[in-house]
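**Q** Please put together the full structure from these sequences, using the hints given.
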Amino acid sequence: MKTATKTRIPGPDGEQHMDSSTKFDPNLVRGSLDLVVLATLADGEKYGYLILKRLRDASRERHDIQAGTLYPILHRLEHDGAIRGRWEDVGERRRKWYSVTEKGRQSLQEQAGLWHAFADYVNAVLAPALRPT
Amino acid sequence: MISPEFDKFLEHLGGCLRLSQSQRDVIRTELEDHFESQLADLTSGGMSSHDAMTKVLDEFGDAAELVGRFSQIGRKRRWFMRSAIAASIVVTATLVTSFLMPPQPGNPFTPGFINAASPSGLDGVPSVPVPVAVATPNPNDDEVHAALGKNVSEVKLDDVTFADALSYFQELAVINIVVDWEALELEGVDSDKQVSLKLKNVSLSRTLELVLEIGGGPFADLGYQVDDGVLRVTTQSEICKRTEVRLYNCASLFERENPRWLEDEVKRVVMNVYGPGGSGATNYKAGHPSDRVRLEAMSDLLEVAGRRRVEELCRVIQSSVDPDSWRESGGSAGSLTIFDDVFVIVQTADNHDAIGRLLDKLNSVRLAGDLARSG
Chain A
7 MKTATKTRIP GPDGEQHMDS STKFDPNLVR GSLDLVVLAT LADGEKYGYL
57 ILKRLRDASR ERHDIQAGTL YPILHRLEHD GAIRGRWEDV GERRRKWYSV
107 TEKGRQSLQE QAGLWHAFAD YVNAVLAPAL RPT
Chain B
4 MISPEFDKFL EHLGGCLRLS QSQRDVIRTE LEDHFESQLA DLTSGGMSSH
54 DAMTKVLDEF GDAAELVGRF SQIGRKRRWF MRSAIAASIV VTATLVTSFL
104 MPPQPGNPFT PGFINAASPS GLDGVPSVPV PVAVATPNPN DDEVHAALGK
154 NVSEVKLDDV TFADALSYFQ ELAVINIVVD WEALELEGVD SDKQVSLKLK
204 NVSLSRTLEL VLEIGGGPFA DLGYQVDDGV LRVTTQSEIC KRTEVRLYNC
254 ASLFERENPR WLEDEVKRVV MNVYGPGGSG ATNYKAGHPS DRVRLEAMSD
304 LLEVAGRRRV EELCRVIQSS VDPDSWRESG GSAGSLTIFD DVFVIVQTAD
354 NHDAIGRLLD KLNSVRLAGD LARSG
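As they're listed, the protein sequences go chains A and B. Quick note on numbering: the first sequence equals residues 7 to 139 in the numbering used here. Quick note on numbering: the second sequence equals residues 4 to 378 in the numbering used here.
To be clear, the hints were calculated from the coordinates, so they are not data collected in a lab.
As a list, the in silico BS3-like pairs of lysine-lysine whose alpha-carbon atoms are at most 27 Å apart:
#	chain 1	residue 1	chain 2	residue 2
1	B	K159	B	K203
2	A	K59	B	K11
3	A	K102	B	K11
4	A	K59	A	K29
5	B	K11	B	K244
6	A	K52	B	K58
7	B	K58	A	K102
8	A	K52	A	K29
9	A	K102	A	K52
10	A	K29	B	K196
11	B	K58	A	K29
12	B	K153	B	K364
13	B	K159	B	K196
14	B	K159	B	K201
15	A	K59	A	K109
16	A	K59	B	K58
17	A	K109	A	K52
18	A	K59	A	K102
19	B	K201	B	K153
**A** See the structure below:
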């Protein structure tokens, strides 16, 4: 198990409010799940558990995405044509590998553009608010 | 090797998913692979098997919650499928109606039917119809269904909370509503979620469906059921847990006057086999062998026709009332077995009500056929 490093993060009043092991608020994460799943598949096909590990590693364990959340998303994206799956026999088990489709890549580009614009907007609003008075 | 706990989890999940068997198998296979991969990963990192298993199961979360998320994907599929099913229902209803209506004169091959329990049919006397459903409909429920069937000229919700949207609907429909917030919250439903809706000339039932779809968000599969005059808003997985058994006496739907040619033929053969005014097995061997063979063949024909009508009625019920809910279609709520002319059906209360209404309509069509014949 990886252990997240504990780095204190300054709050708007200069006080230390949160460390880097604090999990992301689910409300913050909810709107970007499709985007991060698509982005994870952009550099090559993966199966569910690999995607889950990649997301946890990338977030330094702060995005504790659950299997029960991930699989319905994968099935919905596949149903929508953004990703496609293929089955592979692994010993006695069967494994489903997912890869992003052309439609998925387009969707990823669009969602990423919106995400950056949104992040810029939030940062622009936050910057003056966090400035020490 | 899958652990018994995870196997149980998958069984429970599969049982509640309103998907086809093949879709459930695909989900099960994929989740099994995840389970094994993560288990191997955790134990190779030093975790005990027991702790690893507990952690993996925890990460899958509550099966009911997972059902809600998967069902949401299925719901979109079903929406399109229902359009196709609706078209097939129209065709089926037409076929059934033509089957229940009197046969065309001059066509001796039109299938006839004798109710084995009603020999008076042989005398050409129309059978007395009996109520179709043994179960007594609840008048309070009928009132709620009637209210849901009403049209409203305009619905306008502008960024109101989901909870307020349901209150608005209650005032509009003037019915008792209970919202199962506990079950809704388990599927991640937020009572403060904003709902906007602008509709004109729409039924209240459709309005409620849309409010639940928007308020439920992308993952929750919400629905409602009517019980003793109260409309209960809850999740589909909760609804599918609440089933009840009702018996439907469908004998009246199978009663019909036989074609004249068949009646005459039966009378003639019976006369030859048993003699004038005779009956009973004692005289059976007295008849001409060819007539005995013919009588047996006719008996087989009538039995086949009877079975065919029973199967037809099963199909009509299962394709007309919540087609996805039947276990044969991959659902988890409904089952139908037949004992003589009695249909033993396990379904949700709402679906039972819909089955009752359907059978009443079919009975009306049959009565119209009898009237047309006697007139």
